[in-house]
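> With chain Z fixed as given, assemble chain E with the ligands onto it according to the hints.
Those protein sequences? They're chains Z and E, same order as listed. Residues in the first sequence are numbered from 113 upward in steps of one, following my numbering. Residues in the second sequence are numbered from 113 upward in steps of one, following my numbering.
Accuracy of the hints is not assured; some may be wrong.
All copies of an identical chain are treated as equivalent in the list; a pair is satisfied when it fits inside any one copy or across any two copies.
Capping the alpha-carbon separation at 30 Å, the derived lysine-lysine pairs in DSS-like fashion look like this [claimed, not checked]:
#1 Lys198 - Lys286
#2 Lys124 - Lys345
#3 Lys297 - Lys170
#4 Lys308 - Lys198
#5 Lys150 - Lys340
Treat the hints as calculated values from the structure; they're not laboratory data.
There are 2 protein chains.
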Amino acid sequence: YTTSSDSASSAKLLFRQLFEKESSTYTYLLADVAHPDKPALLIDPVDKMVDRDISLVKELGLKLIYAMNTHVHADHITGTGLIKTKLPGVKSIISKASNSKADRLIEAGEKIHFGDLFLEVRATPGHTLGCVTYVTGDRPNQPQPRMAFTGDALLIRGCGRTDFQGGSSHQLYKSVHSQIFTLPKNTLIYPAHDYKGFSVSTVGEEMLYNPRLTKDEETFQNIMENLKLSYPKMIDIAVPANMVCGLQDLSERPVESVSN
Amino acid sequence: YTTSSDSASSAKLLFRQLFEKESSTYTYLLADVAHPDKPALLIDPVDKMVDRDISLVKELGLKLIYAMNTHVHADHITGTGLIKTKLPGVKSIISKASNSKADRLIEAGEKIHFGDLFLEVRATPGHTLGCVTYVTGDRPNQPQPRMAFTGDALLIRGCGRTDFQGGSSHQLYKSVHSQIFTLPKNTLIYPAHDYKGFSVSTVGEEMLYNPRLTKDEETFQNIMENLKLSYPKMIDIAVPANMVCGLQDLSERPVESVSN
Ligand SMILES: [Fe+2]
Ligand SMILES: [Fe+2]
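For reference, chain Z alone in the conformation it holds in the complex (with noise of 0.2 Å):
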């Protein structure tokens, strides 16, 4: 749907979320459809639903002009590299400190800009440890309430594990507590995933409702190192693909083996 923000700037984002089911996923589009270019983003495309989302970018008349990850996944394959192949000019952004390949590589507080609108990047480390989390900003041409865009630092009623890429339950912890706790009460929570069918939360929810994080420190590591999650299926195909952009950037290998 679309969302007028109530300034002088005119700029309005469309914002519409998707789901990959056999790995939970949500993908993210935004775009700013006040902007003469209709500028869009996509946060966490799933490489199995690229077409789909171009489809739906072509549809509605915008030009993508980012594909981004929240960090490295370990579930399913980024749609980066792909989404590249077929928008040409298209750019991927990941996190500096994901140790990964993009075309931008983005650190703490700085701002992505499509058309008047804008993510600011935090930190959030402790489920990865280059995990960011993508911010609205917080001027008023901006959307009202703010969203903010956790990949696995914060699920709803629930968070990512830290047992591997660098996890750790002692950042993460520090990270949500820090930099997403600290956003207005009424900021909504996407996540890069979620398994009972939950489509968004707020801040203040999971302040008073998530069922680890609202637990003192220790007994939230001690949660943390003690779920018995199996290895993950596809974690050792997923990972070093997704550090180029899913497998498929270019750049990084010979046309032919691209449809792989």
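Structure of chain E with the ligands alone, referenced to chain Z:
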């Protein structure tokens, strides 16, 4: 999230889209959170997700007053009866034309009030004889853009099948064109299902890109008559159950069988 409307009335919509993966069903929670009671309603709840839905209602401090269906579903069992056993005072709603039992049987043109907000009922038969679309009001104190809960009459880039339950491709074509495509183009379309991970569309988008309903009626009827869909797995269980609020309506059967 919450959307404030820009008028004298202080009505403020809290809105949540909820998903059930097995049948790809969307359930919608709407509430007027500016009203002291925070009255709420659920559209198309699924039996196995009732505990999730009730927890969320309680955490958000809402008072659920209605549990309603867009139509008699053939692919899952409604949660309306089960919700009534768990939250006494909730009233079930379905269309009179569905020939089903419920506390309130609604017809085209009726309004369903919750706090200072309301939904209008539009008759949209064709997928089933009793299908309705619930549309937010067109007054200045109601949410902008408007929202249409279309059930299976109009899906995102699709529509419900018309070969069972009094379905008719002729009627469905007429319903969508006369009752949904006549709404403002920015009206948000919230369907009962999505199988590709889309969460929302607009009237304008479907008028341009719906692969079935953009066709002339004859082509549409041809498409619908040649879908060659298999017999719905759950229809023989779900339809009779859903005609009495999903089996679990206490007025219909003894308490012992409720947990079946
Ligand atoms: Fe992850
Ligand atoms: Fe249906």
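> At 30 Å max between alpha carbons, let me know whether Lys124 reaches Lys345 within a copy, between copies, both or neither.
neither (40 Å within a copy, 44 Å between copies)
> If the cutoff is 30 Å on CA atoms, where do Lys150 and Lys340 land: within, between, both or neither? Let me know, please.
neither (45 Å within a copy, 40 Å between copies)
> Should Lys297 paired with Lys170 be assigned to within, between, both, or neither, using CA atoms and 30 Å as the limit?
This pair counts as between: shortest inter-copy Cα distance 18 Å, intra-copy 35 Å.
> At most 30 Å between alpha carbons: which applies to Lys198 and Lys286, within, between, both or neither?
Neither way: Lys198 and Lys286 sit 39 Å apart in one copy and 38 Å across, limit 30 Å.
> Since the copies are identical, ignore which copy is meant and state whether Lys308 and Lys198 lie within 30 Å (CA to CA) inside a copy, between copies, both or neither.
Intra 33 Å, inter 20 Å, cutoff 30 Å: inter-copy only.
Figure legend: structure checked against the earlier numbered hints; hints not met, in rising order: 1, 2 and 5.
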